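Undergrad: Sequence:
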Amino acid sequence: MILLAKSYPGIEKQLKSGDPESWALLEHHSSATYQVAEVLLKILEPILRKWTRLSESEYNKFVLVVCLSAGLHDLGKANEDFQKMLRRRKYLQRFRHEIWSVLALTGSGPFSDWFRKTIGDETWVRIGQMGILSHHLKATRETLYADHETAEIKVFWKDQGVIKMFQSICRLAGISSPDFSSPSISSYTCLGEDADKSIRIWTREILNARIDPRYQHSIGAVRAMIIAADRLASAYKGADALKLWATEALNRVLSEQECSKIVKQGLGEKNLRPFQKQVGDSTSRVTLVRAGCGNGKTIAAFQWAKTHSAGRKLFFCYPTMGTATEGFRDYVSDIPGLDALLSHSRASLDLGELASTGEEDEGDSLNMHSRMLQEWTAQVTFCTVDQILGLLQNYRSSLTLSPAIF
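Under UniProt numbering, residues 1 to 406 are what the sequence shown spells out, in order.
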């Protein structure tokens with residue numbers, strides 16, 4: 001059976017000829033996600049080390065867990081429900097694929113012993129499992145404990161697509177692949193009742209384990225890296241191209257000279273006010289400014305950014321979409337050579353009202369993936385504050401943007 005991770009228009013016809021697009025195959029998407037995770041970890045290493053506060057040996061565990069979990073996050077798509085859903089658009093899966101991914105790696109799952117032996121630490125095994133389960137943020141109590149006790153669902157753990165997936169990931173990681181000749185690894189029909197029981201046992205184990213609070217930042221970082229890597233691997237067709245793109249996009253940062261250019265254009269013929277100079281001279285990472293509307297707080301903020309955001313991406317957060325749009329239009333929309341982005345749910349409409357020339361293509365409207373690609377590339381992003389604070393509430397859009405925010 002050809003195991004798919006993604007669908008696309010015309011896939012039914014290509015499946016009949018046995019020649020679907022390679023990037024849509026489970027083994028290719030899994031390998032691509034692993035490789036993107038590697039790139040993210042390399043670029044963000046200084047920040048992730050500070051964020052996770054791990055020792056050298058534990059940080060190495062963190063890297064291994066992120067990469068393996070990113071590579072294995074879609075393992076559970078190797079079940080008949082998911083494969084039917086991709087082939088027949090109206091077919092509904094009875095258990096979400098991330099549940100199957102976790103079940104394969106925990107308890108009596110066929111790859112549980114291999115996963116534990118490879119990682120070598122039970123705490124990090126659980127962190128990896130949690131990252132996999134939460135990579136769509138839809139693993140709620142209702143979806144975990146589905147009402148499908150009598151269902152019979154075939155899982156394809158010994159399919160060639162799964163074998164190739166593991167071989168590819170293990171080759172990238174420099175580790176041994178599971179022994180697929182073992183009788184514990186097989187394709188079989190699973191009762192919904194058994195799947196439900198297994199996921200309940202695993203959930204109870206996680207709750208009873210009481211993972212040390214010092215790993216909380218690591219848990220969040222693992223989840224964020226998996227989500228971001230998965231989204232990028234889904235948006236790009238080909239591991240080499242997306243690795244190069246991710247490296248270039250995240251290294252496209254703001255310089256002190258570009259901040260000065262924004263300040264100069266915003267001031268026009270005026271000079272900096274005393275309070276703007278004072279803000280710019282602040283050495284604190286947190287600087288509170290009180291000033292009335294129209295007094296130049298945004299200019300002061302860019303003056304501050306010359307010191308604090310040079311060599312990084314800059315996010316300007318506003319309370320409303322309207323104020324974000326106004327800020328974008330007034331300060332950065334027409335600066336040559338500056339990669340600036342307005343990012344909120346009405347951005348495409350507002351930008352159409354502000355900058356339509358009559359020459360735009362009908363296909364220029366932002367979709368989910370193209371918006372993500374733009375957000376990663378931008379040097380300066382004007383957005384609403386919830387887009388950043390969403391990291392604290394596990395908003396998927398915020399977690400997807402996390403590599404650029406970090």
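Hints in this document: simulated from the structure, not taken from any laboratory. Do not take every clue at face value.
Label pairs and their in silico Cβ distance ranges [unchecked claim]:
1. G292 with D386: 19 to 29 Å
2. L92 with Y188: 18 to 28 Å
3. R273 with I11: 32 to 42 Å
These numbers come from a predicted model, not from an experiment. Think of the CB as a built atom: it goes at the ideal place given N, C-alpha and C, for glycine as much as any other residue.
Undergrad: Hints first: check each against the structure and report whether it holds.
TA: Results of checking the hints against the structure:
Range check, G292 to D386: Cβ separation about 25 Å, and the 19 to 29 Å hint holds. Checked against the given bound of 18 to 28 Å, the beta carbons of L92 and Y188, roughly 22 Å apart, stay inside it. Between R273 and I11 the beta carbons are some 60 Å apart, a value that contradicts the proposed interval 32 to 42 Å.
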